[in-house]
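There are 2 protein chains.
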Amino acid sequence: MTAPRSEQKKSVDPKKVGDQKADDFFGLAGKVLAHTARSALAPRPMRGVPRGDTRFVPPERNGSADEAEANDGWGFADTKFVVQPNESVVLTGKRYNISNVELPSLLPWMSKTLAAPLGYANRHEPHYPPPIPPARPAPAGLIEALNALLQPDQLSTDPLVRLRRGHGHTGAEIWAIRYGKLERVPDLVVFPTAHEQVVALVKAAEEHGACLIPFGGGTNVTDALRLAPSEERFVIAVDMRRMNRILWIDPVNLTACIEAGAVGRHIAEELARYKLIMGHEPDSLEFSTLGGWIATNASGMKKNRYGNIEDLVLDMQVVTTQGVLARPQVGPRESIGPNPKSFMFGSEGNFGIVTSAVVKLFPRPEVQRYGSVLFPTLGHGLDFLYDLQRAGAVPASVRVVDNTQFQFGQALKPKSDGSMASRMKSKLEKALVTQFKGFDPKQLAAATLVFEGSEEEVAFQEQAVYRIARAHGGLKAGSKNGERGYQLTFGIAYIRDLTFSHWAIAESFETSVPWSQALSLYERVRERVRREHEARRLPGNPFFTGRITQVYTTGVAIYFYMGFYCKGVEDPVRMYGELEHAAREEILAAGGTLSHHHGVGKIRQGFLGDIYSPGSLQFMRQVKHAVDPANVFGANNHGVRGTVDLGA
Amino acid sequence: MTAPRSEQKKSVDPKKVGDQKADDFFGLAGKVLAHTARSALAPRPMRGVPRGDTRFVPPERNGSADEAEANDGWGFADTKFVVQPNESVVLTGKRYNISNVELPSLLPWMSKTLAAPLGYANRHEPHYPPPIPPARPAPAGLIEALNALLQPDQLSTDPLVRLRRGHGHTGAEIWAIRYGKLERVPDLVVFPTAHEQVVALVKAAEEHGACLIPFGGGTNVTDALRLAPSEERFVIAVDMRRMNRILWIDPVNLTACIEAGAVGRHIAEELARYKLIMGHEPDSLEFSTLGGWIATNASGMKKNRYGNIEDLVLDMQVVTTQGVLARPQVGPRESIGPNPKSFMFGSEGNFGIVTSAVVKLFPRPEVQRYGSVLFPTLGHGLDFLYDLQRAGAVPASVRVVDNTQFQFGQALKPKSDGSMASRMKSKLEKALVTQFKGFDPKQLAAATLVFEGSEEEVAFQEQAVYRIARAHGGLKAGSKNGERGYQLTFGIAYIRDLTFSHWAIAESFETSVPWSQALSLYERVRERVRREHEARRLPGNPFFTGRITQVYTTGVAIYFYMGFYCKGVEDPVRMYGELEHAAREEILAAGGTLSHHHGVGKIRQGFLGDIYSPGSLQFMRQVKHAVDPANVFGANNHGVRGTVDLGA
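In the order they appear, the protein sequences are chains A and B.
Each step along the first sequence adds one to the number in the working numbering, with nothing skipped, and position 421 is 502.
Each step along the second sequence adds one to the number in the working numbering, with nothing skipped, and position 95 is 176.
The hints are simulated quantities; they were obtained by calculation from the structure and are not laboratory data.
Heads up, some of the hints might be wrong.
What the hints assert, rightly or not - Partial list, computed: chain B residues near chain A (C-beta under 10 Å):
1) Val138
2) Ser237
3) Leu442
4) Phe541
5) Glu543
6) His706
Predicted, not measured: the structure shown is a model, and the values here were computed from it.
We put the beta carbon where it would ideally sit given N, CA and C, even for glycine.
Take the sequences, apply the hints, and build the full model.
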């Protein structure tokens, strides 16, 4: 059962693998894999640790057809919410649990909540593409240098290609490309396919005075990719998505080396062939990249079980102007001085380009089960989370949504089949909750739960969860609601663009906060948004909802959505920015943090002086100047080069 | 049950608290605390989260009498191993489970293992104190500046005080102070009592060209405190141990702000009053400080449950030459750019002085139970750990010792009471293991286990542990052996000095390594040590033993002890250094890391080029130069100023 040390990583014929089920694959890949897959799942027979170098090189991914992404909004090109003449909403395509069915309640509910006439006839058609600023002339010799190291299809000056690399998914950016314009976009986009090309690219940029901005999934919501109009240099966007291979997998030591441009959904698909997972599931999983997760210090929905990105990344290779940060081998945990790797988490493009990383893996859990619980109020839900954390029985994911978000979920229910049985069941459920249990439908909150692990672990957690939920007035609401709630995350992401198309502006922001301040923070921010909305005489009611998305021993993360009807408002983006700025002030005053996982980017760098001492900021500036004296990595985030004026 | 936000942290009368049991104390400290203590322990009644600012200021610790530490060796002054004329060994004092009883088997076992005549008559008396280099003259104006900011009792030029701050607990250092000398020691020791004094001190040192070296517990084993003879400046050791207060405790959000000079055992004692723990238990717990844990990137024996130091420290205040790194508030988890805090883990004095940190706390576990298991071989033990990790049921601490260390533990058993019953029991046990179960007494290995958590968690883990142990040929060996094994850690630390006093030189070192390479690493290092020992014609047999101390999903940490009889050897310290250097080469070649938690210091900086790319080292040097251009923090560790010649 042991593999000799001399036996090096083995390659597997990709053709043979692609069409096999995972179980069959283990027969091909040899004993090491077969062993692991079995031993991972107690109480099957156990055989201990295979010995030696247990890595293998997986075959390259076969790209699936029909993966085109939208340029003018979130997600896949085939998927968007459209309002039908009957005022029902349909999510096009077939990708999500709410795709391709009529959602009759959504628009009426949104109209009521916003106190605004959202509807089929009241459209705000985007004029994408916007005017795109022309590329600046390249410094002499730069293009020749790039042509020497890249193939022609690895460079693009196409205006639409440049436009897409000039923004992420901040609401203001999407509004700008749909209804306004971007002041500047990169002058050139390059698509490296290998680490050495990135090394040469950084050298060329340094020599010719160009500015480099790494681009991953383009899903950030902090204006991190947006160019400062004051940036006068030739700007090259370095699109990393062709560097997307899994370089090796070690199924025994549960690690993999993955190129930084690999997209979350592809990583998950590839690892699934070997019954492995990475366990990192940010809401942007489908589109964001490993490099982007590192650069933004990302967090996933299942972090309770698998950890956040800083827990998952053991090592990384980074191209800086001081040379390549790399290590010949990496261990489970080390004490080896201030590893420069640690400066890359949250670096937001400021220090270099991550080309690959060694990440932790986990065996695919034996059991995955969902659950949901209704609580009389959000406060009850928070209390439940607190005691659950104390009991050491937190499932892979547990989230509690407030009443507005609960209603939102209800409004996303498809047209019922209208049968008596289905209506009866629904009525009965409602009666049970609101009358028999005395729940107030305008107050109740809901928890969605995802359990992962061995049968024993999951059973242990379920028992604790429902016992503690009961102690806080919780009512078990079934696994179907839990699964639906969890999966909705991915479909809901498309709603922001629907609101834009119907004269509402909306976006999300988040924080983390100690337990004892969580509820007052939520209430203060809601009230502050109401006041700010009123003070500006904005139309209708503000939309405001929050959910508790992550729990820690020391507190929670809270994720907010905010929006308002903006027809007739002179500068909706500026107004939204003012409201979010006020909300952020309130968050900080209420004991919250600047960001739990979105990051700083440009939209929050004005607050850095509120969360760091002058010495801390000076330290960061000194480091930036020392390791990138020419500011080759001019993404210009989190204020290390001073604040950036992005205009109104 | 809520505390209004306006209610600020409350102070508690220290006199009233000191003499009360924890339960009584909650009556004094108010509702918030009482609430927490109860709700922590499911399934007692739960009441959710108290609201508001839930911090309180604990009373200052009453220093206990009789805490004097030894200057010439490890630990407390009242505790050391002495050999009696009858060749029995006794650990003086009453502090440990093996204190103050005759240990008749230890010396015979050591003599046999080392193949050397260790004994009462064959002593190697230390000549502590060694010659102490005179202090250099202070730069003009420096002393005046220091006198202006410190009280007279906060400065010392006493040679013994200076000597102790000039070294840690590296074997070579202790050998030097007992049988040789240190080439240089600090010229002055200062004892700040407040953060502001450290700020002023750094300014004064910078202005007058002095070098500052922070000093915590002085327990490092990497020569990190040892001065380079080439350091020509006036060196001030900054002894942090008078900054040892717990500034506040938040029992609801499970955090505390603690000054960096607080010693582990004091932190544990103080937190215990409130039924809280920090969960960080390095082997040096009794003497090392919070600041030292950060500076060395420490790991504790219970890290499986509570995490390593980088997981436990949420924030820290650091005095650097760029100003103070500080934050007005801190959250459970944040994405706020490259927080300079991350550079302090493993900084080993090179970047600044940590003055306080906000750390995570945990409720004192409802249940603490011990356990032990015998395995036929170390390989079986490793296989057990691997499958245990995969099953997600790792207890707070699980360690597997090799056969030599198992025998070592047996040799530390006190004189039996000689009764027939006790002899019968012992014989019976032995027979059971070696005959009935077919264990080879020269091969068997042992696991010690510490379970902590709720009754349910512990029951769940115990069940999994013993099931998986059985599957790997394990034999349950009782909780008494487990508790003894765990507690022995603290007593065993004194043995190094016993060996020195009887002509043996010995020290520990450690690594981390992926699962599949762990056993071959262990075997390669053992064989390499044997070869190197033989090649140098050193007397007797080398002493070599290892234990697996920490488990990760991706591998394990292994802790080694190595030594040899050195009477007649010309330069035992150099010989030991050569052997350890060879062992480290073998570790790296076998897939291990430079250090799991001891750090780099000076003794391992020669290997940095083997574990970091040139770009990584250049990046680190640039950072050091940028944030401490005058090298005020001249501890000179991990090679950021080039390598250091410490002579033979």
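Each hint tested on the structure:
1. Val138: Status violated, d = 16 Å.
2. Ser237: For Ser237/B, the interface hint is violated, since the closest Cβ of chain A sits about 29 Å away, which is over 10 Å.
3. Leu442: Where the cut-off is 10 Å and the nearest Cβ of chain A is about 8 Å from Leu442/B, the hint holds.
4. Phe541: Holds. Min distance 5 Å.
5. Glu543: 12 Å, violated
6. His706: Constraint on His706/B satisfied, holds at 6 Å.
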